[in-house]
Structures are given as C-alpha cells and as structure tokens.
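J.: Dock chain H against chain X, hints included.
2 protein chains.
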Amino acid sequence: MSKGLRARQDMEKERETLQAWKERVGQELDRVVAFWMEHSHDQEHGGFFTCLGREGRVYDDLKYVWLQGRQVWMYCRLYRTFQRFHHSQLLNAAKGEFLLRYARLAPPGKKCAFVLTRDGRPVKVQRTIFSECFYTMAMNELWRATGEVRYQTEAVEMMDQIVHWVREDASGLGRPQLQGAPTAEPMAVPMMLLNLVEQLGEADEELAGKYTELGDWCAQRILQHVQRDGQAVLENVSEDGKELSGCLGRQQNPGHALEAGWFLLRHCIRKGDPELRAHVVDKFLLLPFRSGWDPDHGGLFYFQDADDFCPTQLEWAMKLWWPHSEAMIAFLMGYSESGDPVLLRLFYQVAEYTFRQFRDPEYGEWFGYLSREGKVALSIKGGPFKGCFHVPRCL
Amino acid sequence: MSKGLRARQDMEKERETLQAWKERVGQELDRVVAFWMEHSHDQEHGGFFTCLGREGRVYDDLKYVWLQGRQVWMYCRLYRTFQRFHHSQLLNAAKGEFLLRYARLAPPGKKCAFVLTRDGRPVKVQRTIFSECFYTMAMNELWRATGEVRYQTEAVEMMDQIVHWVREDASGLGRPQLQGAPTAEPMAVPMMLLNLVEQLGEADEELAGKYTELGDWCAQRILQHVQRDGQAVLENVSEDGKELSGCLGRQQNPGHALEAGWFLLRHCIRKGDPELRAHVVDKFLLLPFRSGWDPDHGGLFYFQDADDFCPTQLEWAMKLWWPHSEAMIAFLMGYSESGDPVLLRLFYQVAEYTFRQFRDPEYGEWFGYLSREGKVALSIKGGPFKGCFHVPRCL
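Protein chains in written order, with my numbering: chain X, 100 to 494; chain H, 100 to 494.
Okay, chain X solo, but in the shape it has when bound (with noise of 0.2 Å):
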C-alpha cells in the first residue's frame, strides 16, 4: 500500500471514529436534557430542583444559585444555538422569574445569596463572586434568547460590580480583614471573570472592546498559576503571582487546569495567537493530565499536593464528572485548533473512561463522584454543586 493511501484511509477512520463520538455525544446530550425537562422543573414556585437522585427523585427542595444560573443559561444556550432545542418549553423553564426576583438578598444591593429556600428565601451567602457570576451567565444569555433589554442591563451592572469587588474594593464581599489570612488569588477567580469576558463579548463589539483589557488581565493573572519553571499549575498564588506557603500553595486541581485550559484556549483563539496557545496546551493540558491521571485506575483525581504529601481534603482521590467534561472539551478544541493528534488521543482516552465510568444508562444523566476505584461513590445525580450544567456543556 503507498503511503500516499496509507495516510489518507487513516485520515478517513480518524474521521470515522470522530463522526461516531459526534454521534454518540448528541444522543447523550439528549438523554441528558431529557433527565433534567423532567426532573427539575418546580412548577409551583418556578426555578429548578437541582437534588435529584439517582432516578430523578426530589430529595432536598434548596435552591442553590450557583446552578439555578448555570441551568438558566445553559437551556438557553440549548435554546439559541440548537435547532433541535429551540422550543418554548426551554426556554419558559429558562425566563421563569425566579432568580431574577430572588437571587439578590437586598435590591439594590448586589450580592446573592448561595442557597435559597424553595420559595425564594435567602438561607446561605458566600462571601465570594461565583453566585454573582453565574447570575450574570444567566441573565445575559437571557437576552440572547429573548431580545429582552432589562436582562442585559442586569447582567452588565452585576458584571461592573463583580469587576469592582475583584480588582478594586472586596470589602463588599464581607469577608473580614485578618493579619495573618495570606493574599492569595484562587485560579477560580480570574478563571471565571475571562468566562464572563467570553460570555458578554459574543457577537457584541462594544463590550468585546469594553472588557478587552480585563480578557488580557485574567488571561495574564492565570498564566501566574504556573510554578516551579513551569513544572506545576497551582491552583492558589499570591496577587504577585508567587507560591505560597503550606497546603494551600502547593494545592492542584487537574480537573481545573484544564478547565483553565479551554477558557484560554478561546482567549487565544479571540487574539489570534499561536504561540500563547502553544503554551497553553503544555501547561494547562499535557501538564495536568500527566500528574492528574491515576495511572492505576484511570480517571482524574481531584486534588494533588505539587510536593506529593497527601492532600487533606478527604476526597482528594476520588473521580469528580466534571474534571472529566473539562478534560473532554479541553483536549478536543486543543485538537482542533492545533491539529495535534496526540490531543486526540488524549481526548478519546477520557471520554472512554468517563462514558464508561459517569454515564448511567438506566436512568439518564451521570453520576457525579465516583470512588478511586471507579465505584459509584454517591449514586446522586443532582445536588449542592451538580446539576444541569457540566455534562451538557460539554456535550
């Protein structure tokens, strides 16, 4: 056989295989949507039941906002962007006013809370941004699907506020102020303000060019993650990007590198530019999954010590579903964008361990925390930090 041949009936099974794996991720995506049309919609007090368990059971009625936002969003990303997604039970589910009118603890102050009640009423707040965040997510996607104009004005007013608290004055925040609490900058933070960046920059050239600097400051502020001559990515650094001391700077998070990853992945790709995204593959993608990846069982773990002690969270072994969704956008826009075929392989590896291991064919959606081994650890498909949002996004 020439070579010539060789190469393209390789070309033609690599196509193949990817068609096959674009295939069996729209059904899943389907089956996934399905589980949550069902499950999750409170049609009394509108918003969305995110405890489900393993059948689509209610088994908590809190309301945490993190994921009331993030479901918001993504049926109307479903909604907008998918042919087969775009009717109005979507997006009704989506425009129910409930986060709109009880997200906020004390209009017109700003913060959210973390948790409500089924009926509206705060329970929780965190003194962080993410609540906000996703709020923010939300209400722009809103107006995309809607064309509704208060949508948009307050996802940019929480936007400026967000941008407020993280570079100018966190006192808002409520957290108090202790001599010896060490400035450290979580990945999260930056990650998460280049997502919004993203998110009210698409297809809208005035504030694509109002939040350009911030892109480049985020972007700039997660490459201070990488440590020790680029041998390890840290999830905590100080505001002047050094490591520091104990647990807390020698903490890893695989599963939010790569996650990182993908979101600078965009950013190079809105800038045009090869060689940051060249960086970017090394580090937040090969890096991550090369220390990441249990070489015993497979899956990626939670959390690593860059120094090899053993971490102190209780659940630094375990297999989380979303570092594994990360992982499986990550490497295949890396792929795609840099046509590197060892990102492909990369990506099939992990979605063959997480199809094979997440996925619950009996009754829809993934299981979210699976024990080292690969056991079902908690057989919940829903709860205080999963739900509609990971797995489809991914798919």
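Warning: the hint list may mix true and false statements.
If several chains are the same, the list does not tell them apart, and a pair holds so long as it fits within one copy or across any two.
[To be verified] Listed next, the in silico SDA-like pairs over lysine to any residue satisfying Cα-Cα at most 20 Å (straight line):
| id | residue 1 | residue 2 |
| --- | --- | --- |
| 1 | LYS121 | ARG455 |
| 2 | LYS223 | GLY279 |
| 3 | LYS223 | LEU343 |
| 4 | LYS223 | GLY273 |
| 5 | LYS474 | GLU414 |
| 6 | LYS209 | GLY279 |
FYI, nobody ran anything at the bench for these hints, they're computed from the structure. Given the structure is predicted, the values throughout are model-derived calculations rather than measurements.
T.: Leaving out everything else, chain H in the frame of chain X:
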C-alpha cells in the same frame, strides 16, 4: 461441670480478656503520646504542629486553635492523672503561652480564631463556639495541672461568654440573620457545653453547683435529637425539638451520637439516674451502632440519611478514626455502668476493627481516614481536624 463453676470460669476468662485489652491500650497510649511529643512541638514559636505526615513530618505549619486547645488539655490531663506522664516535659509543652497569647482575636473580646499562622497571627475565624470551647477546656486543665489561677479565670470568663452566645444572644458570633435560614440546633452545641459542664465541675463544688441547671438543659437538648418515635438520632433539629426538612433534617452521624452517648452516661452517673442511663444506652449507643455499622466492610459510616437517601457529603461512606474511638469509650463505659454483656461484645467488635484498621504499627499514631473498604485513604497522622486528642483520650 457444674453451672456455678462454668460461670466462674467464664467470668475469669472475661476478666483476663479485659485485662489484656487494658495492657494493650496502655502500651498504645505510650506510643501515641511519644509520637506527638517527638514531632509536634514547635520549639521556636511555641504551640504545636498538627499537620503531620505518616512518619511525623510537618507538611504545614498552620496552627488550628481547636487542636492547640485539645493538645494542651490532653497533656495536662495525662500529667495530672497518670503517674507515668507526671513529668515536666509534658507540662512545660502544655504551659507554653501560645494559646493564651494568640487564640483570642482582639482581647478583651472573647472571640477566638479558627486557625493561626505559625507565629500566631489569625488566618480564619469560624462563626461558631468551638474554638472557644477547646480554649476553655485547655485553660481549666492548665489550672488543675499548675494551680495558677490566671488560667482558671480565663476558663470561667470564656465559659460565661459561650453560655451567653448559646442561650441568650448569638449575634456576637457574627452569623448573618437570613430570612430562609432554619433555626437549627446542631447536636454538637449542647454536647460541647455538657462536656464543659463536666470539665469545669470536676471536684469543684462551687462550679458544679453553678452549672447544674445548664447541665440539665444540655442533656434535655441532646435528648431532643432522638426523633421519629425513638428510631433515629438526628444531627440537626429545630430549637423546640422538631425534625427539620431536607438533607439537613435527615442527617445522621453515628459517631457523634455515640460520643453524645458517653457524655450523657457521665451525666447520668453524676445525677444517679439509672432510668435515663437505660434510655441513653438504647438510643445513643445501640441505635447508632445498629444503623451506622457497615455490614459489608465493618466500621462506622461517617454520615447517613435517616430515609436512606444518599448523603451529599462526599466522604459519607468513609471510615474516620474518631467515631471509632468514641464508640470504644461509649461501649466500655456503658458496660462498666450497666454490666450488660452485649455492650462488652460491642466494645470488643469496635476495638478489634479499630486497632486492626487505624493503628499504624510502623510509625505510631493512627491513620485518620479510610475508604469504605478500609484502605488508608489519607496517610496523614494529623491535619486541620486531627490532632493529639481523640486517640489518647480514648486510650
């Protein structure tokens, strides 16, 4: 063989088995105390390192106030009640002024930090009473061990503050009042207070008298956690003793119930109340053991749901050291008070599992965190929540 002879032989055998356990436990206590004495003393700044790896290596130098207070308490207690630990090395390590000097955030205010830097600057504060409770225990034991009145003054003043927070006005703890937050009572609060009542009242008629009503109140509040017609001990109930909705209301923690059990047994001893003692044995010893012991792999689950939903805590099925040390205390104390051989059997069952699975014959001290199947999940000997306390207290 006559019936009488048989019974005498059985009793003799029982006595020998108990004596063998007593010796085994005594030797283990020596090894455990040696581990902490060798690895945990900070000669430079005072106080104790508690983030210790398997071999005793310090992997973080943060100082958690719960664990600082507990170790001071433990050292003084050992010094005071065991001839072989009555040496100045233990007492001097306990007397180091670290806790007295740095635990309180802003004296004369009573609020204590949750965690301090190595040199005593506050890193985090909890909006609960527990740092303050362990501070009180430590100060009271320091007074007993040294006779220095300044320690007792600290203990009594802090105790008054804690009681004020719990029974009169919690606003000093800094928790926000939220409209949807349930007025839940975690069982830990009356448990901890009951423990302090015993601590401060030991051989001290004046304080014992002062806290008699408080002790009765604590016992009554703990007993309110027995719910569902006596079929379950729930971790959180409303202040007037009703079951709460959702996961919070259904949460069970068998080890905690067993710990409450032996606190209550001590209360019954002080009161001379055998009827209450029988109730406590039934509800706080036998019931949590029956529901909480893993029939497949042995050991006590960490969390359970009273309706058998899957708990949302990722570590729910893990086996932690402290529920087992508490269970050993509870069953042996229950047997010693009631003479019921069922309780002695359960002591043996738990003690054998515990010594087999948690003990580290190689480097000393116990592992703290095992997988459901009993494999060591975290190799650390100390961390943010494990210090020199539960293991030696039990032994």
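J.: Hints first: check each against the structure and report whether it holds.
T.: So, going through the hints one by one against the coordinates:
In this assembly of identical chains, LYS121 and ARG455 lie within 20 Å of each other by CA distance solely inside one copy; the values are 16 Å within and 50 Å between copies. For the homomeric pair LYS223 and GLY279, the shortest alpha-carbon distance between copies (8 Å) is at most 20 Å, but the shortest distance inside one copy (26 Å) is not. Taking identical chains as interchangeable, the C-alpha atoms of LYS223 and LEU343 lie at most 20 Å apart only when they sit on different chains, with a minimum of 16 Å there against 29 Å within one chain. With identical chains, the CA atoms of LYS223 and GLY273 are at most 20 Å apart both within one copy (13 Å) and between copies (13 Å).
In this assembly of identical chains, LYS474 and GLU414 lie within 20 Å of each other by CA distance both inside one copy and across copies; the values are 14 Å within and 14 Å between. With identical chains, the CA atoms of LYS209 and GLY279 are at most 20 Å apart between copies only, with a shortest distance of 18 Å across copies and 29 Å within one.
Every hint from the earlier list agrees with this structure, and none is contradicted.
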